[in-house]
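Visitor: What follows is each chain in one-letter form.
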Amino acid sequence: MINTLAYGLTIGGILYIISVGLSLTFGTMRIVNFAHALIYTVGAYALIAALPFLGGYFVPATVLAVLAAVPLSYVIERYIIRRLYGASIDYAIIATYAVLLIGVDITKWIWGATPIPLSDPVNQYLNIFGVSLPVYRLIIIALSLLVFLALEIFLRRTMVGKIVVAGLEDREAVSSLGINVEKYFCLIFVIGSCLAAFGGVLYSPITTVHPYMGFQVLLLSFAVVLVGGLGSMRGTFISAFVLGMVMAVTGRFWGPAAETMVFVVMAVVLIIKPIDV
Amino acid sequence: MKSINTTTLKKFDLLFIAIAFVMLGYLVTFQRTTDFIIFCIFVVSYDLIYGYMGRLSFGHMLYLGTGAYATALFCDHVSSNPLLAILAGVVCSALLGAVLGPIVTRTTGACFALINLAFNQVGYFLVLIGFSSYTGGEDGMSAFFGNLGPINFNNKMTVYVFCLTIMLFVVYFVRRLTSSPFGILLLTIKENESRSQFLGYNTVIYKLIAFIISTGIAGLAGGLSILNYTYVTPSFIDPTRNVEVIFASLIGGAGSLYGALAGGITYMMISNYLPNYIQRWEMFLGIMLLILVFWFRAGVWGYLTRFSGKPGKEMGS
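One line per chain: the protein sequences are C and S, in this order.
For what it's worth, our numbering labels the leading residue of the first sequence as -2, then goes sequentially.
For what it's worth, our numbering labels the leading residue of the second sequence as 118, then goes sequentially.
Calculated directly from the structure, the hints in this document are not laboratory data.
Note that this is a predicted model, so its numbers are computed, not measured.
For each residue, glycine too, the CB sits at the ideal point set by N, CA and C.
A hint or two may mislead.
Using C-beta positions, here's what the derived DEER-type ranges look like [what the hints assert, rightly or not]:
1) S/397 - C/64: 35 to 43 angstroms
2) C/246 - S/220: 51 to 59 angstroms
3) S/208 - C/110: 52 to 60 angstroms
4) C/50 - S/408: 35 to 43 angstroms
5) C/79 - S/312: 24 to 32 angstroms
6) S/309 - C/79: 45 to 53 angstroms
Working from the sequences, and respecting the hints, build out all of it.
Guide: The structure is reproduced here in structure tokens:
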């Protein structure tokens, strides 16, 4: 029971960290960004590449992995996505999917296709009501809450955040105030991508790292974004944890069905409340 | 191509297509051409939603796979008559389209792409794990077709002729469909749905009908591929393979029937021969997709018609 709860919260936390970037780019640019999955994968691989150099210390390696996402996402934004503003959304989907294909093939080229397992960086267990839980999972839950709070403060309290929120609502009105919206969107894109890389780093010790790890998580995080409502930060937060719990509870009864159940929930939500993009 | 007048082409298009595919058969062996033909049927079905109705789907493999599995299951459990089995595949796919259609056709844009992808993922799971006792899970299942009167469907040449005939029927049907008022209405939905609603059309019904027709044809392609391969694996319903048909549709030029055929052939040529020379196949596919999206949106057929003097109407965009 507690195990299921903790598992659901862990999955929810990671899903939140990954999908909030997707939600931000979706809300600001109206672009479905398949390349998000690439950044997620690259984050995990950058961690693996950085760990031996840093003597196996997890935290500095994480920082490096997240920083590695900055130039990559900037290039993607500058040369692919910015060229597709205003174009049909189909082309944006196809172009970012193409970026994902290229990137996955490059990771396969560099690291090979075999899955790489990572050990739990904390490797300690905490006893709660007679159930031993890995501390690492509790850290993930705490970090996801921290990310949520930081983003809330950033978006509601700072000037940059307010411009971004205004841009989410009405892009043209903001640019008519003489603000260079694209600059801020680029910033948002980079922040979202860094969070994706962070999510990849956090998730890799729980599963294995392989080139196609992004595809599945991407589908899940799209489900989170759609269920939470496009461009709604708090909606994404809630739906991530709800869907995480759905996965955990389903997985408890029938393991393989866990991810499929998320899509069933998403379909039900979309039937009740269709979204026009 | 320059000298061919487009009107004569339209008049005898079925003949031209048949000749082209027979020539292709001599060029790359008939067995491969059967593959090409089946894929072309699938691209045509996809183009009906993407090119004509303007909805990008990331889950069309679901209907191909449904058709394939329904055909194989029907063949194993009910009757080994190939015609009936393929018909069962078509009906099952169209039924699935009719069940899911009311949900997915209400959405547009990214939502449409993603909800299709989600359903495809569900279908893939069901085939791979959920119903693995019927479908054979990862190993797939085989289907053995009986003879249809004197016709032996285990002969590859028979399958080739059969598939070519079916494809000509599909091309004829889709051409009639898209040049009918119904097809023009689909184009108006693509351009501006609310305007066609203002004109008094119930666009929901038309979108649903187009979706069901498209899923039925996709199921037909699935059934034919079982006739060709005599086995089915979960790769027939694998959601990651959707990019193939999108690529084929784009490279040929979305929104044109002949473009879909040209795209299908081009894609199959590339995917059949290029991996022999280029190791990094996925990267090549990605780069090609980027080039198509940024500089080559009209596709092969769009450029051919442009050079033939008549500007092709409604290309890409």
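Visitor: Each of the hints needs a verdict: does it hold here or not?
Guide: Cross-check of the supplied hints:
no. : hint                              : verdict
1   : S/397 - C/64: 35 to 43 angstroms  : violated (27 angstroms)
2   : C/246 - S/220: 51 to 59 angstroms : violated (24 angstroms)
3   : S/208 - C/110: 52 to 60 angstroms : violated (39 angstroms)
4   : C/50 - S/408: 35 to 43 angstroms  : holds (37 angstroms)
5   : C/79 - S/312: 24 to 32 angstroms  : holds (30 angstroms)
6   : S/309 - C/79: 45 to 53 angstroms  : violated (26 angstroms)
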